[in-house]
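Based on these hints, arrange chains B and C on the given structure of chain A.
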Amino acid sequence: MSEILLQAKQISKHFGGVTALDRVDLTIKKGEIHCLMGENGCGKSTLIKIISGFYRPDGGSITFEGKEYDRLSIAESIGLGIQVIYQDMSIFPNLTVAENIAINNELYNRRKLVNWKAVKSIAKEALDHIGIELPLEAVVGELSVADKQLIAIARAILNNSKLIIMDEPTSALTRKEVDKLFKVIRQLQQEGISTLFVSHKLDEVFEIADQFTVFRNGKLVVADSAKNINDEQFVYYMTGRKLEEVAFTPKKIDHDRAILKVENLGLTNGFANISFEIHPGEILGITGLLGSGRTELAKTLFGLYSATEGHIYIDGREVQIRTPMDAIRHKIAYVPEDRLTEGLFLTQSIENNMIVSNIDRLKTGKKTVDYEKGHEDSLAWVKNLGIKLNELKDGIQTLSGGNQQKVVLGKWLETEPRVLILNGPTVGVDIAAKFDIHAYLRTLAEKMNLAILLISDDISEVLNNCNRILIIKNGRIVSEHVNTELDQHRLQELVTGSKEETA
Amino acid sequence: MKGKNLLKKNEFYIVIIIAVLACIIQAISGQFFTSNNLVDLLRSMIVPGMMAAGLFMVIVSGNIDVSFPYTAMLCMFAVTKWFSVINYQGPVFLAFLIAGLIGLVLGLLNGVLAAWLKLPTLIITLGTCTIFLGITQGVLQSSVISVLPAPMAKMAATNLFSVVNGETGLGSSMPVSILFLIAIYLIVGFIMKYTMLGRGIYAVGGDPVAAERAGFNVNFIRIFVFTFMGVVGGITGITQVTVSGMCQINFFDGYEMTIIAAVVLGGANIAGGSGTVIGTFLGVLLMKMISNNLILLGIPTNWSKFMTGILIIAGVSMSAYKSVLAKRRVASNILEDGHKEEA
Amino acid sequence: MGKKKRFDVKSLLNISSNNKKLLGMLLLVVIVLSIATGGSFAGIGQFKLIAYLFPEMGVLALGMMLAMVSGGIDLTVIAVADLAGILSCLFMKAIMPADAAMPVQILVLLVTLLFALAIGAVCGLFTGILIARVGVPAMVATLGASDIILGIAVGITNGSSIKELPPILCRVVNFELFGLIPGTTIVFIICAALVAFLLNMTATGFKIYMIGSNATASEYSGSDNKKILTLTYMISGMLSAVAGLLMCGHFNSARSDFGKSYLTPAILICVLAGVNPNGGVGKVSGIVLAVIILQSLSSGFAMFPSISDYYKNLIWGLVLIGIMIMNVVTAKKGQNK
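Protein chains in written order, with the working numbering: chain A, 1 to 503; chain B, 1001 to 1343; chain C, 2001 to 2337.
Just chain A, same shape as in the assembly (with noise of 0.2 Å):
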């Protein structure tokens, strides 16, 4: 157990201008199951990238059963053993369950043709191995997400790997699933095969790992034995700062005037009969796992997809949104999931990516662009949500994740709305950002009256921020809290489904 497995030393990583990682060690036993913590942005996956040698390291070494690198390729990382079950999982949507579970032995063993026989058996004998059953011929791309995890981690096991890597793998899993996939940890142990755990949820750590490490802003925090550790010092490494955040509580709320209020809604395959109300100068927390439906909910009172069944009122009066422009004509604003793909222009100036929601309000009567207007008015966002930037008209790409996020919020307040809908308003955000968004969102309902629904799967910001929440499972709401009688135990407990429930 005692003999090191790897030593990454002094690992520094820039990207421009900015340091993800400055000066970090880790250390990893032999059959060891190491948890690797920090918030969003903390470094931990540049760290793993550079490990399974897609990214090149500016500085230090990595050390693996005693020989010493500078830095690793891919190819080479997966020749030592070193496999990494990523995020996204990294798998193909296009090919079969078989061949995404065997494509990497057969390339670690440098195959240059493909025996479809040992294809299959090899991947059978994987998912034996977890003791998971899959449709072997069924293609990848229409399973769900838990499935694709599965396959990743069935895929990660073979190759005589001798350390498993994975980025945040039960992101997307009921209880029971994790339940499983720690018994396959546990199981992999046993066989010499270390695990490094990458997770921000605490009651995971205490539960599955023997050591522990701790990143923040790209530093090292700490590095111990699970053992040595409790709740309130794991916060304190995490976040540096002791939990001061105070638990939201709306001065008052006119329950008789709910400007946004949902009936029975239902989308075929997303959710059913979803029903709550929403007042102004409330926020209202929406929590599941990923792949619970929420964020389809969110899509769906955005009008990026169309309810199949139920009613949409506001204030008072039935409403059609079919289409976000229909959302946007209501006075709603919806703050996207992923911040990349679905918020940001990335070639645009952080100007144009402020005006884009409200570009028809900017007209003036000869229809042309009022762009003037335009620029003061961000300036304006610009200082009430404190967004750090040289000049407007700099790149959006200048700016470090939590300023781009609060570019987004500005757009979206600059068009006035009513009720703001956030899907995962800090992830990969930093922490100063984080607690000024969180702010700012308090500010917004208590002094300017909005409805905000704020759904996520970040434990603390749901309950230090909203006033009720409700917990979506499988689309479905099974239950409504006032966040004053709950602990944050209690809610992860609630969310993935506790032991006693599902057993």
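One thing to keep in mind: the hints can contain errors.
Here are the computed lysine to aspartate or glutamate pairs in the EDC-like style, where the Cα-Cα straight-line distance is at most 20 Å [stated by the list, open to error]:
| no. | chain 1 | residue 1 | chain 2 | residue 2 |
| --- | --- | --- | --- | --- |
| 1 | B | K1327 | A | E337 |
| 2 | A | K112 | B | E1167 |
| 3 | B | K1009 | A | E137 |
| 4 | B | K1327 | A | E142 |
Each pair of labels, with its calculated beta carbon distance range [as the list claims (entries may be wrong)]:
| no. | chain 1 | residue 1 | chain 2 | residue 2 | range |
| --- | --- | --- | --- | --- | --- |
| 5 | B | V1209 | A | E142 | 18 to 26 Å |
| 6 | A | L113 | B | L1108 | 22 to 30 Å |
| 7 | A | S171 | B | V1209 | 13 to 21 Å |
| 8 | A | K388 | C | F2197 | 30 to 38 Å |
| 9 | B | F1093 | C | S2261 | 34 to 42 Å |
| 10 | A | K67 | B | V1139 | 49 to 57 Å |
| 11 | A | T341 | C | I2325 | 27 to 35 Å |
| 12 | A | S171 | B | A1271 | 23 to 31 Å |
| 13 | B | V1020 | A | V478 | 37 to 45 Å |
| 14 | C | L2023 | A | T341 | 54 to 62 Å |
| 15 | B | L1108 | C | F2197 | 44 to 52 Å |
Computed footprint of chain C on chain A, listed as stretches where at least three residues anywhere in the stretch have a Cβ under 8 Å from a Cβ of chain C [unchecked claim]:
| no. | stretch |
| --- | --- |
| 16 | 211-221 |
| 17 | 346-354 |
| 18 | 364-378 |
By construction, these hints were calculated from the structure, which means they are not laboratory data. Note that this is a predicted model, so its numbers are computed, not measured. Ideal Cβ positions, reconstructed from N, Cα and C, are used throughout, including at glycine.
This is chains B and C only, laid out in the frame that chain A set:
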């Protein structure tokens, strides 16, 4: 389950369309299922069929190539001219070899540019095809060669077999080069299905980032598909000469479009990642069935371009609209899991 | 209003780095060709020639640019130009009264222009719907649509040319303002100004840039992508139709294969102008400069009769590839800084 799979397969539908079309042509003209018409059909498939096989690989890898007709044209003129000048008398095999090598160089150029520049390959190959055209017209000063070098003329005169339609007295002969068509489909089919390279082509077309992470050499794969297309283009150029018995600058006019259409009709996704070599063959067959039989169907030749356009648009629209509709729906059933757990 | 003016002047003075590069390139081309031709290239007559030849290509490139800025490509420009040219010429011949007085002739020409624009708009509407609503990738949609459109042109004319056009078209196209600025140039300037106005001053133009940058984010920002994209291809079609009329005036006839050799140059102009083939980036000023550069080059070559016309293709291709290599190399250098 087996029957369901068949219904899911694109090839199944193309076969049905082909069968229906054949019956319609037969019913209208009574001339479809005649020996000479069928031989003519196969004969006319040789050149476009070979090109489609090469392009199929390029498209599966998520790229596009519009330069191959010009590659074929350049190789055709370069080799035929050179052989005429030196009055070459050796085996015809050498003509194919040299044309293949020239095609290899041209394809390599496309591949390297595509891998290096990472710009839309349509624009890259549009640029190179203009260069190829410029070389053919400017440097080689080519337009027509009516007298072929002896070995090529001999091959043009050799046929595998000939048939004569008893009723009409019209005859048709099957050129030797039909064997090339068969060979290329076997080779491409083998590469795509049974080699890691082929699976890599599918992988790159499906998700280039995932392919790189898995350890595929993505740049090599890109260069390979373009180079292979170049070689096929070169060989096709000489094949065309031996099928038609002469060289003409306008042989391959509009081929880029027709061949892309055939591959797409055959079920390959223009965005890459999917498609089968059998589908491609069927796509070419369908395409040629229509263009060859326009007259039998009573459509004047002047409108054949229009008809192929309609066919292409109809074919691609159906698959494109299917995915547009799919995007509007939630793909995998979130609700279903719930029922399972309840049960 | 005053505010806006200031804003415009500021943006005019702020020449983009790509345009600086293009201006430098233009200067180089003129100097080299002037030296090579012993000074005759820089003469006034030569400049007239330059102005006379470039507009058709330029107008086509403007349409192509709109499609590329929106993240697509419009390969129908040639087909639309040919079809619009043929139909307009037939139309004009049909409605032009014999021995019409000058004002009537001009009126007929204007009606013909409207007719051509309508043809272009209908073609663009067809491709636009295919791309925006049916979801066919722009490349395949426009390749297929150009077969249909060109197929109609071939079908109608049987591949032969339409001759004996009313002389007014030819006269207007070859007209020279103050004996110096050809009519075609004026048409190009008007088109460029309209496209520049669309892109820089209107909400639609802004949205075209945004769709080209990120179509998903654009939809999520509340823009009507389908409408904007359809409109983009309709405008591109109308520009192509104008180019078609110019070609007919230029050749004093109409034919289904006039535009054939214009496709690569049109794309070349866009790439040279700094239009990003992946969408979201491109300026009309870049197009204008790129057109002038290419036409100078081409006019320069025309002064060396020993170089066959066929080499033009070779040169266009080489320049296109060369420009792309240069752009990629400079972009990589910028990253390494």
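For each hint, the structure was consulted:
no. : hint                              : in the structure
1   : K1327(B) <-> E337(A)              : holds (17 Å)
2   : K112(A) <-> E1167(B)              : violated (53 Å)
3   : K1009(B) <-> E137(A)              : holds (14 Å)
4   : K1327(B) <-> E142(A)              : holds (13 Å)
5   : V1209(B) <-> E142(A): 18 to 26 Å  : holds (21 Å)
6   : L113(A) <-> L1108(B): 22 to 30 Å  : holds (24 Å)
7   : S171(A) <-> V1209(B): 13 to 21 Å  : holds (19 Å)
8   : K388(A) <-> F2197(C): 30 to 38 Å  : holds (35 Å)
9   : F1093(B) <-> S2261(C): 34 to 42 Å : holds (36 Å)
10  : K67(A) <-> V1139(B): 49 to 57 Å   : holds (55 Å)
11  : T341(A) <-> I2325(C): 27 to 35 Å  : holds (29 Å)
12  : S171(A) <-> A1271(B): 23 to 31 Å  : holds (28 Å)
13  : V1020(B) <-> V478(A): 37 to 45 Å  : violated (52 Å)
14  : L2023(C) <-> T341(A): 54 to 62 Å  : violated (37 Å)
15  : L1108(B) <-> F2197(C): 44 to 52 Å : holds (45 Å)
16  : 211-221                           : violated (count 0)
17  : 346-354                           : holds (count 4)
18  : 364-378                           : holds (count 6)
Against the hints set out earlier in the document, violations occur for numbers 2, 13, 14 and 16.
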